[in-house]
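Go by the hints and put chain U onto chain C.
Sequence order for the protein chains is C and U.
Just so you know, we're using this note's numbering here: the first sequence kicks off at 1 and counts up by one.
Just so you know, we're using this note's numbering here: the second sequence kicks off at 168 and counts up by one.
The hints are simulated quantities; they were obtained by calculation from the structure and are not laboratory data.
From a predicted model like this one, the values you see are computed outputs, not experimental measurements.
Glycine included, each C-beta is placed from N, C-alpha and C at the ideal position.
Heads up, a few of these hints could be off.
What the hints assert, rightly or not - In silico DMTMM-like links for lysine to aspartate or glutamate, alpha-carbon gap of 20 angstroms or less:
id : chain 1 : residue 1 : chain 2 : residue 2
1  : C       : K69       : U       : D270
2  : C       : K150      : U       : E172
3  : C       : K150      : C       : E137
4  : C       : K150      : U       : E246
5  : U       : K298      : U       : E274
6  : C       : K69       : C       : E162
7  : U       : K298      : U       : D352
8  : C       : K150      : U       : D169
9  : C       : K69       : C       : E137
10 : C       : K150      : C       : E135
11 : C       : K150      : U       : D331
12 : C       : K69       : C       : D42
13 : U       : K298      : U       : E310
14 : C       : K150      : C       : D132
15 : C       : K150      : U       : D270
16 : U       : K298      : U       : E321
17 : C       : K69       : C       : D132
18 : U       : K298      : U       : D331
19 : C       : K150      : C       : E131
20 : C       : K69       : C       : E131
21 : C       : K150      : U       : E310
Stated by the list, open to error - Using C-beta positions, here's what the derived DEER-type ranges look like:
id : chain 1 : residue 1 : chain 2 : residue 2 : range
22 : U       : S390      : C       : R54       : 57 to 67 angstroms
23 : U       : D194      : C       : T59       : 48 to 58 angstroms
24 : U       : E260      : C       : P61       : 23 to 33 angstroms
25 : U       : G312      : C       : T57       : 14 to 24 angstroms
26 : U       : R202      : C       : T59       : 43 to 53 angstroms
27 : U       : R202      : C       : R140      : 31 to 41 angstroms
28 : U       : T259      : C       : E13       : 39 to 49 angstroms
29 : C       : Q136      : U       : S390      : 43 to 53 angstroms
30 : C       : G147      : U       : T259      : 41 to 51 angstroms
As the list claims (entries may be wrong) - Partner residues aside, some chain C positions facing chain U, computed with beta carbon under 7 angstroms:
id : residue
31 : R17
32 : E41
33 : Q45
34 : P65
35 : Y66
36 : R109
37 : Y130
38 : L133
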Amino acid sequence: MVVSELGVGSGREGLRRAFEEHYARLFRLCLLLAGHRELAEDIAQDVFVRAAARLETLTPPETGPYLRKAAVNVWRNRLRRRALERRTPWRSVASTTESPEAVVEERERLWPAVLRLPARQRACVVLRYYEDLSEQETARVLGCSVGTVKSQTSRALARLRERMHHG
Amino acid sequence: MDDLEERLRDDLRRSASREEPSVDAWDRITERVQRGERRSTASRALVGALVLAITAGGLFWLWRGFVATDGGPPTGQPEDLWGRTFVSTRVTEEGEPHTLVEDTRIELTFFEERGERGVGWSAGCNTIGAKIEVTTERLLLGEIGGTQQACAPESQDQDEWLVDFFRSEPRWEFHDDTLTLTSGDTMIELSAITSWNGLDCLGDEGAVEVIYESFEPAGAELSEAVEAAFQLPPAVADAQQTITRAPDGETAEVLYRFEERSVARVSFARVEGGWAISDYRACDSAAPGS
Numbered sequence: 001m002v003v004s005e006l007g008v009g010s011g012r013e014g015l016r017r018a019f020e021e022h023y024a025r026l027f028r029l030c031l032l033l034a035g036h037r038e039l040a041e042d043i044a045q046d047v048f049v050r051a052a053a054r055l056e057t058l059t060p061p062e063t064g065p066y067l068r069k070a071a072v073n074v075w076r077n078r079l080r081r082r083a084l085e086r087r088t089p090w091r092s093v094a095s096t097t098e099s100p101e102a103v104v105e106e107r108e109r110l111w112p113a114v115l116r117l118p119a120r121q122r123a124c125v126v127l128r129y130y131e132d133l134s135e136q137e138t139a140r141v142l143g144c145s146v147g148t149v150k151s152q153t154s155r156a157l158a159r160l161r162e163r164m165h166h167g
Numbered sequence: 168m169d170d171l172e173e174r175l176r177d178d179l180r181r182s183a184s185r186e187e188p189s190v191d192a193w194d195r196i197t198e199r200v201q202r203g204e205r206r207s208t209a210s211r212a213l214v215g216a217l218v219l220a221i222t223a224g225g226l227f228w229l230w231r232g233f234v235a236t237d238g239g240p241p242t243g244q245p246e247d248l249w250g251r252t253f254v255s256t257r258v259t260e261e262g263e264p265h266t267l268v269e270d271t272r273i274e275l276t277f278f279e280e281r282g283e284r285g286v287g288w289s290a291g292c293n294t295i296g297a298k299i300e301v302t303t304e305r306l307l308l309g310e311i312g313g314t315q316q317a318c319a320p321e322s323q324d325q326d327e328w329l330v331d332f333f334r335s336e337p338r339w340e341f342h343d344d345t346l347t348l349t350s351g352d353t354m355i356e357l358s359a360i361t362s363w364n365g366l367d368c369l370g371d372e373g374a375v376e377v378i379y380e381s382f383e384p385a386g387a388e389l390s391e392a393v394e395a396a397f398q399l400p401p402a403v404a405d406a407q408q409t410i411t412r413a414p415d416g417e418t419a420e421v422l423y424r425f426e427e428r429s430v431a432r433v434s435f436a437r438v439e440g441g442w443a444i445s446d447y448r449a450c451d452s453a454a455p456g457s
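One chain only, chain C, in its complex shape (with noise of 0.2 angstroms):
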């Protein structure tokens, strides 16, 4: 068997392949639910460090998914160990604005509208949009039913337009 066929995983060197190929992708889109960089960073590191050892069974394939499931579900937790907390909200990455100009472009950017949205619509909206999964890969994510990721998404966008129409 060429190492190819091995999947990532032959200790060390399958991790680091895991890590140049899904990294950097992983990071931007715990960065799109989080919306906040270094919350993102430490979601997006911890699912590595977690996954190490499982990545040395997994093919090339399955990997980003994995990657990517892991990543939405060490997010919620923390989404739900904050809520529990009941701390202040995160400083969102997306909400900074540094000139007029970079003001206005902030009425015009949905991402910041998004990061408002409830999080089940906020996950539906990240992953099919930006990961471009369709209802059937979602749902499997987020272990829900597809028709969960109709309503949520479809709820979302609503919710969207109701603000790009009411800024």
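Okay, now just chain U, sitting in the frame of chain C:
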């Protein structure tokens, strides 16, 4: 596809591409993995040493006689524990709260297999267990063994801390579905949980793990907030949902029932901007009707 969806795709990609991951991400990951592997080796050595010490003493496992008079009056009977699973709700050291590793809790199961009794526990990393004798006051564990997966260093430390705790023959009390274990200055309080169809409702597949909405307003209308705020795993997706509003209209409770069991209860309160979760419990054996 309408204009909003196109704009969403563009904006999310543009927003994400503005940020680059830190240059030392790889170093941080490998450092944490290496630390985890070192601790894993230490943990294997610990379990191996335990096995060696016990077998060298001529005992394949420890079966102890009853200890009848080394404390106050017992609370609960040993038979109360068998077949039950408990999850930690409070841990203290010297009377002060002891914080477990993030995202972990101690889950403890008393089981019987082929006529032998055992106890298994997990605290987010390895699953560890031993044969056990429960006297009227203490848990007496035999040979301790378990899985040997590498975890984050703090989780490895927590595993070792728990092994030490259970080795110390902790005293137990069981009252009102609460199991309290004490040894020295350490106290672990655990609540009995309900399982159905072999599914541990507080485990990875359980209801609690899929409640991930925040306490922020989830919807302007209560029904919308309920749907947005709470999600049951597929195994219990058909759970019946009952919404009860308080007379003043300011709070509400949603009860989920599955196969005659109350599996979750979520409280909502009216807040600025709609309704939000104010509290929740899952697989709550104390819920009405269970």
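Quick rundown of the hints versus the structure:
1. C:K69 to U:D270: holds (17 angstroms)
2. C:K150 to U:E172: Status holds; Cα separation ~14 angstroms.
3. C:K150 to C:E137: Between K150 (chain C) and E137 (chain C) the Cα gap is close to 12 angstroms, so the pair holds against 20 angstroms.
4. C:K150 to U:E246: violated (49 angstroms)
5. U:K298 to U:E274: holds (16 angstroms)
6. C:K69 to C:E162: violated (30 angstroms)
7. U:K298 to U:D352: violated (25 angstroms)
8. C:K150 to U:D169: holds (16 angstroms)
9. C:K69 to C:E137: holds (10 angstroms)
10. C:K150 to C:E135: holds (7 angstroms)
11. C:K150 to U:D331: Answer violated: K150 (chain C) to D331 (chain U) is near 50 angstroms, above 20 angstroms.
12. C:K69 to C:D42: holds (16 angstroms)
13. U:K298 to U:E310: OK: K298 (chain U) and E310 (chain U) at ~7 angstroms, within 20 angstroms.
14. C:K150 to C:D132: Given that 20 angstroms is the threshold and the Cα spacing comes to 14 angstroms, the pair holds.
15. C:K150 to U:D270: It is violated: about 30 angstroms lies between the C-alpha atoms, which goes past 20 angstroms.
16. U:K298 to U:E321: Distance of about 26 angstroms is beyond 20 angstroms: violated.
17. C:K69 to C:D132: Given pair K69 (chain C), D132 (chain C) holds - Cα atoms ~14 angstroms apart, limit 20 angstroms.
18. U:K298 to U:D331: holds (16 angstroms)
19. C:K150 to C:E131: holds (16 angstroms)
20. C:K69 to C:E131: This hinted pair holds, its Cα atoms lying about 12 angstroms apart.
21. C:K150 to U:E310: Violated, because 52 angstroms separates the two Cα atoms, which is more than 20 angstroms.
22. U:S390 to C:R54: 57 to 67 angstroms: violated (39 angstroms)
23. U:D194 to C:T59: 48 to 58 angstroms: With a Cβ separation near 27 angstroms, D194 (chain U) and T59 (chain C) fall outside 48 to 58 angstroms, so the hint is violated.
24. U:E260 to C:P61: 23 to 33 angstroms: violated (47 angstroms)
25. U:G312 to C:T57: 14 to 24 angstroms: holds (23 angstroms)
26. U:R202 to C:T59: 43 to 53 angstroms: violated (28 angstroms)
27. U:R202 to C:R140: 31 to 41 angstroms: Holds, at about 33 angstroms.
28. U:T259 to C:E13: 39 to 49 angstroms: holds (45 angstroms)
29. C:Q136 to U:S390: 43 to 53 angstroms: At roughly 26 angstroms between Cβ atoms, S390 (chain U) and Q136 (chain C) fall outside 43 to 53 angstroms, so the hint is violated.
30. C:G147 to U:T259: 41 to 51 angstroms: holds (45 angstroms)
31. R17: At about 12 angstroms, which exceeds the 7 angstroms cut-off, the nearest Cβ of chain U leaves the hint on R17 (chain C) violated.
32. E41: holds (6 angstroms)
33. Q45: holds (5 angstroms)
34. P65: Interface hint status for P65 (chain C): violated (17 angstroms vs cutoff 7 angstroms).
35. Y66: Since the shortest Cβ distance to chain U is 15 angstroms, the answer is violated.
36. R109: holds (6 angstroms)
37. Y130: Since chain U brings a Cβ to about 4 angstroms from Y130 (chain C), closer than 7 angstroms, the hint holds.
38. L133: Violated: closest Cβ of chain U sits about 12 angstroms from L133 (chain C), beyond 7 angstroms.
Comparing the model with each numbered hint stated earlier shows that hints 4, 6, 7, 11, 15, 16, 21, 22, 23, 24, 26, 29, 31, 34, 35 and 38 do not hold.
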